[in-house]
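Chemist: Modelling step: build the complete structure from the supplied sequences, incorporating the hints.
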Amino acid sequence: MPIPKDIVRISDTIWEIPVSHKAGMLVPARIFATETLLSAFDDGVFEQITNVATLPGIVGHACCMPDGHWGYGFPIGGLAAMDPECGVISPGGIGFDINCGMRLCLTNLAYGEVQPRLRNLVDRVAGRVPAGVGEEGTVRVTRDEFRQAVEQGARWAVKRGYGWMEDLERTEEGGCLRGADASRVSEKAVDRGFRQIGTLGSGNHYLEIQVARAENVFDPETARAFGIALPDQVVVMFHCGSRGFGHQVATDYLRVFLAAMRGKYGIHVPDRELACAPFRSPEGQDYFAAMKCAVNMSFVNRQVILHRIREVFSEVFGKDPKDLGMHQVYDVSHNTAKIERHVLGGKPRELLVHRKGATRAFGPGMPGLPDIYRSTGQPVILGGSMETGSYLLAGADTGGCTFFTTAHGSGRAMSRTAARKRYRGRQLQEQLEQRGIYVRTASWSGLAEEAGAAYKNVDDVVEATERAGLSRRVVRLLPVGNVKG
Amino acid sequence: MTPPYRYLEEIATADVAFEARGSTLEETFLAASDATLNTMVEEIGTVAPREHRAFSLAADSLDLLLFELLQELVYRKDAERLLLRVRDLRIEEAGSGYRLDADTTGETIDSRRHSLLADVKAVTLHRLVVERTPDGWRAVVVLDV
Numbered sequence: 004m005p006i007p008k009d010i011v012r013i014s015d016t017i018w019e020i021p022v023s024h025k026a027g028m029l030v031p032a033r034i035f036a037t038e039t040l041l042s043a044f045d046d047g048v049f050e051q052i053t054n055v056a057t058l059p060g061i062v063g064h065a066c067c068m069p070d071g072h073w074g075y076g077f078p079i080g081g082l083a084a085m086d087p088e089c090g091v092i093s094p095g096g097i098g099f100d101i102n103c104g105m106r107l108c109l110t111n112l113a114y115g116e117v118q119p120r121l122r123n124l125v126d127r128v129a130g131r132v133p134a135g136v137g138e139e140g141t142v143r144v145t146r147d148e149f150r151q152a153v154e155q156g157a158r159w160a161v162k163r164g165y166g167w168m169e170d171l172e173r174t175e176e177g178g179c180l181r182g183a184d185a186s187r188v189s190e191k192a193v194d195r196g197f198r199q200i201g202t203l204g205s206g207n208h209y210l211e212i213q214v215a216r217a218e219n220v221f222d223p224e225t226a227r228a229f230g231i232a233l234p235d236q237v238v239v240m241f242h243c244g245s246r247g248f249g250h251q252v253a254t255d256y257l258r259v260f261l262a263a264m265r266g267k268y269g270i271h272v273p274d275r276e277l278a279c280a281p282f283r284s285p286e287g288q289d290y291f292a293a294m295k296c297a298v299n300m301s302f303v304n305r306q307v308i309l310h311r312i313r314e315v316f317s318e319v320f321g322k323d324p325k326d327l328g329m330h331q332v333y334d335v336s337h338n339t340a341k342i343e344r345h346v347l348g349g350k351p352r353e354l355l356v357h358r359k360g361a362t363r364a365f366g367p368g369m370p371g372l373p374d375i376y377r378s379t380g381q382p383v384i385l386g387g388s389m390e391t392g393s394y395l396l397a398g399a400d401t402g403g404c405t406f407f408t409t410a411h412g413s414g415r416a417m418s419r420t421a422a423r424k425r426y427r428g429r430q431l432q433e434q435l436e437q438r439g440i441y442v443r444t445a446s447w448s449g450l451a452e453e454a455g456a457a458y459k460n461v462d463d464v465v466e467a468t469e470r471a472g473l474s475r476r477v478v479r480l481l482p483v484g485n486v487k488g
Numbered sequence: 105m106t107p108p109y110r111y112l113e114e115i116a117t118a119d120v121a122f123e124a125r126g127s128t129l130e131e132t133f134l135a136a137s138d139a140t141l142n143t144m145v146e147e148i149g150t151v152a153p154r155e156h157r158a159f160s161l162a163a164d165s166l167d168l169l170l171f172e173l174l175q176e177l178v179y180r181k182d183a184e185r186l187l188l189r190v191r192d193l194r195i196e197e198a199g200s201g202y203r204l205d206a207d208t209t210g211e212t213i214d215s216r217r218h219s220l221l222a223d224v225k226a227v228t229l230h231r232l233v234v235e236r237t238p239d240g241w242r243a244v245v246v247l248d249v
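Taken in order, these protein sequences are the chains called A and B. Residues 4 to 488 (my numbering) make up the first sequence, in order. Residues 105 to 249 (my numbering) make up the second sequence, in order.
Treat the hints with caution; some may be incorrect.
[Stated by the list, open to error] Derived contacts from chain A toward chain B, CB cut-off under 8 angstroms, selection only: (1) Gly74; (2) Gly76; (3) Gly135; (4) Gly137; (5) Phe221; (6) Gln251; (7) Asp274; (8) Glu318; (9) Phe320; (10) Arg419; (11) Ser446; (12) Ser448.
To be clear, the hints were calculated from the coordinates, so they are not data collected in a lab. Every residue gets a Cβ at the ideal spot worked out from N, C-alpha and C, and that includes glycine.
Modeler: In structure tokens, the structure reads:
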């Protein structure tokens with residue numbers, strides 16, 4: 004499907020598809036992109052974001068971020084806010100990998116100190132953070148302990164020595180979405196997840212050692228507030244989610260919603276993957292409480308992985324992680340639904356905000372930010388491809404048009420199958436090594452799928468978010484070592 | 105022999121979509137289960153038949169029955185760390201829906217012997233189809249990876 008003929012240009016980065024475009028649309032759809040990015044959007048995005056606009060109770064606009072691409076149900080990069088009193092909750096608006104997200108950790112090391120030990124660091128991290136199909140983690144818990152962990156979130160891990168108390172305030176929602184109820188979670192979900200704490204997964208999940216070069220610092224003052232102030236400072240970024248546990252929670256409730264949606268609630272959606280139930284219904288509330296468990300599992304997972312990274316750096320440099328300045332900058336969630344307060348039509352309202360492959364980006368002064376980031380706005384960690392680099396952004400006070408949401412990555416531009424046909428993993432690894440990027444992978448084909456050219460240009464995506472007022476650039480981070488899941 | 109499934113590049117950019125075909129419904133489901141396994145393992149022939157699992161599943165419609173079958177394989181990949189290949193299956197009408205009995209064999213994931221690809225997170229309902237064709241049956245599935 005080409006760009007819809009009835010799309011209206013609102014500004015140079017905002018495009019609107021009116022409600023007249025498709026029967027059943029309750030609000031217009033808005034795509035946040037430059038004209039160049041918009042023209043490269045794949046077919047499914049326009050169909051999917053206008054489907055989202057038909058969901059009962061949606062308010063404002065159904066939005067798609069500049070890194071948007073064809074997903075299932077919602078497009079990746081999709082955002083929808085519902086009136087919690089009359090609107091629905093949809094697992095397809097969150098994704099199977101609930102709270103897939105990014106975490107960024109500082110060091111006080113310069114690249115010159117890290118470079119001679121880079122291989123050792125990457126190899127050790129790869130050994131300490133299991134990655135790939137069905138991998139199990141190193142944290143052994145009983146099924147009951149796992150149920151406690153997913154109710155308590157990152158605090159559960161910190162209490163057991165996996166991390167520092169300060170990590171919690173530097174994590175979205177303090178590392179625990181309140182109201183998680185493990186009694187709403189199936190045994191099958193526990194079966195899939197209770198051995199996977201501390202694992203990376205596969206696909207686009209990765210762990211990367213990166214460098215902040217002086218020429219890539221766009222806003223030195225905010226960078227300093229985020230802890231990046233040294234020349235060629237080394238940081239560690241990683242991307243992973245709630246593993247099999249979250250995938251099963253989403254699958255379980257997809258079945259529940261599919262059955263209840265038509266018969267019990269008389270809701271019809273254009274794509275079954277948008278299966279939904281009224282938020283205030285028993286099914287909606289059960290899923291919300293189970294989804295929160297998956298959100299918390301993901302926080303636990305990233306908390307343990309952070310601890311492993313600190314262990315490895317400490318071993319390799321023979322220093323305590325605190326002496327290596329290994330503070331967490333922040334942890335952001337991509338795939339969630341949350342109750343948040345936003346201004347709509349000039350009035351503050353409580354809304355159920357679905358974000359799928361999109362990042363919350365609260366502006367300066369907003370409630371929910373820790374004191375250290377109150378004046379800067381929320382740190383937003385945007386992962387690019389392993390070749391092109393990633394960004395640390397800050398939330399802007401102009402982000403209200405997307406309920407303070409921005410992009411989450413560079414966004415795929417090429418299918419996995421097409422990338423695998425075009426690139427060879429081993430060859431790619433050699434090419435990257437020649438460019439000073441050492442990569443360890445759990446899968447050669449998986450590496451080929453993640454080739455930089457399979458993604459949109461991350462600089463274009465970030466520029467679009469800045470021009471649209473959704474977030475602003477702070478630092479561009481270049482990869483030097485990568486563990487590919 | 106060309107496998108009775110092919111991966112579709114033109115839909116669902118970040119995920120894996122495939123089309124499976126067969127002269128019977130059972131063959132089509134079998135091809136779809138191989139396509140799912142092949143999304144995780146480069147050579148499905150490297151998965152040795154060391155373990156046996158049999159299970160029964162039911163659903164209201166044929167497409168949801170296929171969803172249940174593939175989802176069961178994804179579940180066992182994490183819960184038991186088993187890569188499973190469907191060897192035999194029977195599908196029959198049951199009440200107002202359908203029932204499936206599957207015999208599967210496989211083994212524990214071993215990254216030294218299995219060239220692993222992407223971890224399948226879930227089977228999606230996006231564009232899920234099981235339909236008759238002039239020469240048999242066809243299924244289209246999008247997997248979240």
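Chemist: Run through the hints listed earlier and report the numbers of any the structure violates, in increasing order.
Modeler: Numbers 5, 8, 9 - these are the hints that the structure violates, sorted from lowest upward.
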